[in-house]
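K.L.:
For reference, the chains in residue letters:
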Amino acid sequence: MTRYIVKKIIDMIITIFIIVLIVFAMFELIPGNPARIMLGMNASNAQVAALEAELGLDKSIFVKIYTYFSDLFNGDLGFSFRFQRPVIELITEALPYTLFLALYAFFFIIILAIPLAILAARKPNSKLDNFIRISSETCLAIPPFFMAIILMLIFRTSQLALQGGSVDFDLNNAFQSYWMPALAIALSRLAMAMEFLRDSIIEQRESDYVKTAIGKGASRSRVMFFHIFRNSLVPFITALGLILAEVFSGSIIIEQVFLIPGLGRSLVTAVEARDFQLTQGIVLLIAFIVVFVNFCVDLINQFIDPRIREQNKKLYKSRNTFFLRMKNQANLDSQKKR
Amino acid sequence: MTRRLGHSLVNKSDILRVENLKVTSANGAELVRDISLNVKRGEIVGLVGESGSGKSITIMSIAGLLPKGISIASGRVFFEGRDITKLTNNQRQTINGSRLGVIYQDAAQALNPLMTIGKQIGEVLQIHTKMPRKEIKYRILAAMRAVNLPDPEKTYKSYPHELSGGQRQRVLIAMAIINNPELLIADEPTTALDVNVKIQVLELIKIINESKNLSVLYISHDLSTIQHICDRVYVLYAGIPVEVGRTEQIIHEPKHPYTSLLIDSAPTKEKRGKKLAVMKPRVQDQRGPATNCQFASRCPFAFKKCYQKIPHMISAGKNHEVACFLYNKNFSESEKIRTSEQPDEK
Chain A
1 MTRYIVKKII DMIITIFIIV LIVFAMFELI PGNPARIMLG MNASNAQVAA
51 LEAELGLDKS IFVKIYTYFS DLFNGDLGFS FRFQRPVIEL ITEALPYTLF
101 LALYAFFFII ILAIPLAILA ARKPNSKLDN FIRISSETCL AIPPFFMAII
151 LMLIFRTSQL ALQGGSVDFD LNNAFQSYWM PALAIALSRL AMAMEFLRDS
201 IIEQRESDYV KTAIGKGASR SRVMFFHIFR NSLVPFITAL GLILAEVFSG
251 SIIIEQVFLI PGLGRSLVTA VEARDFQLTQ GIVLLIAFIV VFVNFCVDLI
301 NQFIDPRIRE QNKKLYKSRN TFFLRMKNQA NLDSQKKR
Chain B
1 MTRRLGHSLV NKSDILRVEN LKVTSANGAE LVRDISLNVK RGEIVGLVGE
51 SGSGKSITIM SIAGLLPKGI SIASGRVFFE GRDITKLTNN QRQTINGSRL
101 GVIYQDAAQA LNPLMTIGKQ IGEVLQIHTK MPRKEIKYRI LAAMRAVNLP
151 DPEKTYKSYP HELSGGQRQR VLIAMAIINN PELLIADEPT TALDVNVKIQ
201 VLELIKIINE SKNLSVLYIS HDLSTIQHIC DRVYVLYAGI PVEVGRTEQI
251 IHEPKHPYTS LLIDSAPTKE KRGKKLAVMK PRVQDQRGPA TNCQFASRCP
301 FAFKKCYQKI PHMISAGKNH EVACFLYNKN FSESEKIRTS EQPDEK
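Chains A and B supply the protein sequences, listed in that same order.
Counting from 1, position 218 in the first sequence corresponds to residue 218 in my numbering; the numbering is continuous, with no gaps.
Counting from 1, position 6 in the second sequence corresponds to residue 6 in my numbering; the numbering is continuous, with no gaps.
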């Protein structure tokens, strides 16, 4: 088990390394000289050259990669010329807003998806099931920012809405002031989680072990929660992992609508101002979060399903290469499908 | 084979009595047409028939586990003297697992893959008793030992996929007997097992039956398995019992043409080198009520009457009954001339 986690962490580090490289390459490839952008159109060539030398832009690509990584290792994400402050400072300032908003939305998704999925799965294709699915899919089709506007219109007279529009970030009343943006994100991402769980419950309910449980004399709720629901969790949690990543991206736009000074707003400002270092920093951070969430999903699923544990143990025990592992994974996937 | 006959005569009360059970599916097919059977205390009763004969549906209706869309149309099922066909969910929950244990066919599917073996066996006690945890665990380990599971302490913590097929079947048996039920229903528990494991499992069921005076209703399509453990056998065909008798009567003096064909088609040592009997394929529509002998179209002895009326059970010896016109004394031998086709009037 620990062996597996260690290997998984190594995998995660490799993935992050590759992501850093890609992000770095992306910003290298974007046309435009950062020094020129910083100084403005009127700057002389000599000024630009001087700034380039100061920023290390004139160095070879390898030196640049090296300095980039060594800086990163020291927790230095660069300097934002737009705000004239270190990127790391800006990120630590903005992150709590986004993190809170995303987790709040995620919390909404979970508490809405589970009861809705159980209700919908009760009688597949019944009126209730169709109603739940159609409305959640409609929500899926509406972009979060538009959903936010709809919510604002609906709740415009209520006191809650006024709080929902506020930008104060104060942990004491954050739950009150952020409910609307969080709900807007949650509603638009709810359908996926709900349908995964619903399908999974319907599938699991047909299993023979459910019959065994009923044969034991287990009550309906016991069968539902001790057997069906628990066994439906693996696909649901995998979906939740994907959704959490989407929730982060959803919050970027929502923050614009509600004027929340989070990562998303910083990112948009940075892109508009062509603030390379800040953009790079935020993109990296979001990538880290996604990778980390996937890591957590793997661990949780492993914890729930002993069969996955077993497979992973086998997979990681053998002294195999990355490609062999990919092949094994593909085999497992096809087996599962069958 | 007569080993426990005396003992079953001592205690004659029926633990389970099924009267004219009829089970239909949503599209009108009669899956079980008219089954009456009884199981006495301490008796092992076999239910044999080919796939589609309604044996699994019969026991599912007894255990209240009928799948969606399939329901009991008429008839009654008495368990310990109480009609259990119209129980509410709550009443059913007090019977299942505590008075009535079921062993399922496919142990690999019947166990929850995400729960440890110990927890799954113990769930029965958790539901039906208020025992403290320690005692439950003690009982689980005892039940595991009773069914000869190796290394109970270790198996307690393992998951279904870590066990072999035979071990999983033993787990199911342990689960079924842990709460000392009165009746054990076994739905082809040995189909998926190797021959030697199969014998072990059968022996185990026999031992439990003898030591706890437990009644068993044993379902199988395989007469050799039935022969191995049952006291009495019901032969089912298309949802109707066609022959009932003590196991040795059924095996050695089968009366119904279907039973004889079933026995003749099974490969045995004596029949080595000889051709086995082959039945005509079954082409039958089970929608609507039966109007004639269901086996007539495949029967080598079918005569005119067989296509016209339903034969009722008639005595064919002590404790032996058969539903076939061939044994009806009201027909003369000249009437019993084989006709291969159905009469035109239909």
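It should be emphasised that the hints constitute simulated quantities derived from the structure, not laboratory data.
Watch out, some of these pointers could steer you wrong.
Claimed, not checked - 30 angstroms max Cα-Cα, derived DSSO-like pairs, lysine-lysine: (1) K314/A / K130/B; (2) K86/B / K127/A; (3) K137/B / K211/A; (4) K154/B / K313/A; (5) K157/B / K123/A; (6) K313/A / K130/B; (7) K157/B / K314/A; (8) K314/A / K154/B; (9) K198/B / K8/A; (10) K123/A / K68/B; (11) K157/B / K7/A; (12) K329/B / K211/A; (13) K22/B / K123/A; (14) K271/B / K22/B; (15) K119/B / K313/A; (16) K211/A / K305/B; (17) K313/A / K157/B; (18) K211/A / K130/B.
As the list claims (entries may be wrong) - Have a look at the derived ranges for each label pair, beta carbon to beta carbon: (19) T238/A / E162/B: 21 to 31 angstroms; (20) N20/B / E203/A: 29 to 39 angstroms; (21) R220/A / P281/B: 39 to 49 angstroms; (22) I111/A / T129/B: 30 to 40 angstroms; (23) V271/A / Q109/B: 25 to 35 angstroms; (24) N331/A / A29/B: 49 to 59 angstroms; (25) A277/B / N331/A: 16 to 26 angstroms; (26) N90/B / E137/A: 32 to 42 angstroms; (27) T238/A / R133/B: 45 to 55 angstroms.
Said to hold, decoys possible - Here are some of the chain A residues that sit facing chain B, going by a computed Cβ distance under 8 angstroms: (28) K7; (29) K8; (30) E203; (31) S207; (32) Y209; (33) K211; (34) I214; (35) A218; (36) R220; (37) H227; (38) N231; (39) S249; (40) I304.
Even for Gly, the Cβ is constructed at its ideal location relative to N, Cα and C.
K.L.:
Work down the list of hints and note, for each, if the structure agrees.
P.N.:
Tested hints:
| no. | hint | verdict |
| --- | --- | --- |
| 1 | K314/A / K130/B | violated (40 angstroms) |
| 2 | K86/B / K127/A | holds (28 angstroms) |
| 3 | K137/B / K211/A | holds (24 angstroms) |
| 4 | K154/B / K313/A | holds (19 angstroms) |
| 5 | K157/B / K123/A | violated (35 angstroms) |
| 6 | K313/A / K130/B | violated (38 angstroms) |
| 7 | K157/B / K314/A | holds (20 angstroms) |
| 8 | K314/A / K154/B | holds (20 angstroms) |
| 9 | K198/B / K8/A | violated (43 angstroms) |
| 10 | K123/A / K68/B | holds (11 angstroms) |
| 11 | K157/B / K7/A | holds (26 angstroms) |
| 12 | K329/B / K211/A | violated (47 angstroms) |
| 13 | K22/B / K123/A | holds (26 angstroms) |
| 14 | K271/B / K22/B | violated (38 angstroms) |
| 15 | K119/B / K313/A | holds (23 angstroms) |
| 16 | K211/A / K305/B | violated (43 angstroms) |
| 17 | K313/A / K157/B | holds (18 angstroms) |
| 18 | K211/A / K130/B | holds (23 angstroms) |
| 19 | T238/A / E162/B: 21 to 31 angstroms | holds (24 angstroms) |
| 20 | N20/B / E203/A: 29 to 39 angstroms | holds (37 angstroms) |
| 21 | R220/A / P281/B: 39 to 49 angstroms | holds (42 angstroms) |
| 22 | I111/A / T129/B: 30 to 40 angstroms | holds (35 angstroms) |
| 23 | V271/A / Q109/B: 25 to 35 angstroms | violated (54 angstroms) |
| 24 | N331/A / A29/B: 49 to 59 angstroms | violated (41 angstroms) |
| 25 | A277/B / N331/A: 16 to 26 angstroms | violated (45 angstroms) |
| 26 | N90/B / E137/A: 32 to 42 angstroms | holds (37 angstroms) |
| 27 | T238/A / R133/B: 45 to 55 angstroms | violated (33 angstroms) |
| 28 | K7 | violated (22 angstroms) |
| 29 | K8 | violated (21 angstroms) |
| 30 | E203 | violated (13 angstroms) |
| 31 | S207 | holds (7 angstroms) |
| 32 | Y209 | holds (4 angstroms) |
| 33 | K211 | holds (5 angstroms) |
| 34 | I214 | holds (6 angstroms) |
| 35 | A218 | holds (6 angstroms) |
| 36 | R220 | holds (7 angstroms) |
| 37 | H227 | holds (6 angstroms) |
| 38 | N231 | holds (5 angstroms) |
| 39 | S249 | violated (32 angstroms) |
| 40 | I304 | holds (7 angstroms) |
Violated hints, in rising order: 1, 5, 6, 9, 12, 14, 16, 23, 24, 25, 27, 28, 29, 30, 39; the structure is consistent with all others.
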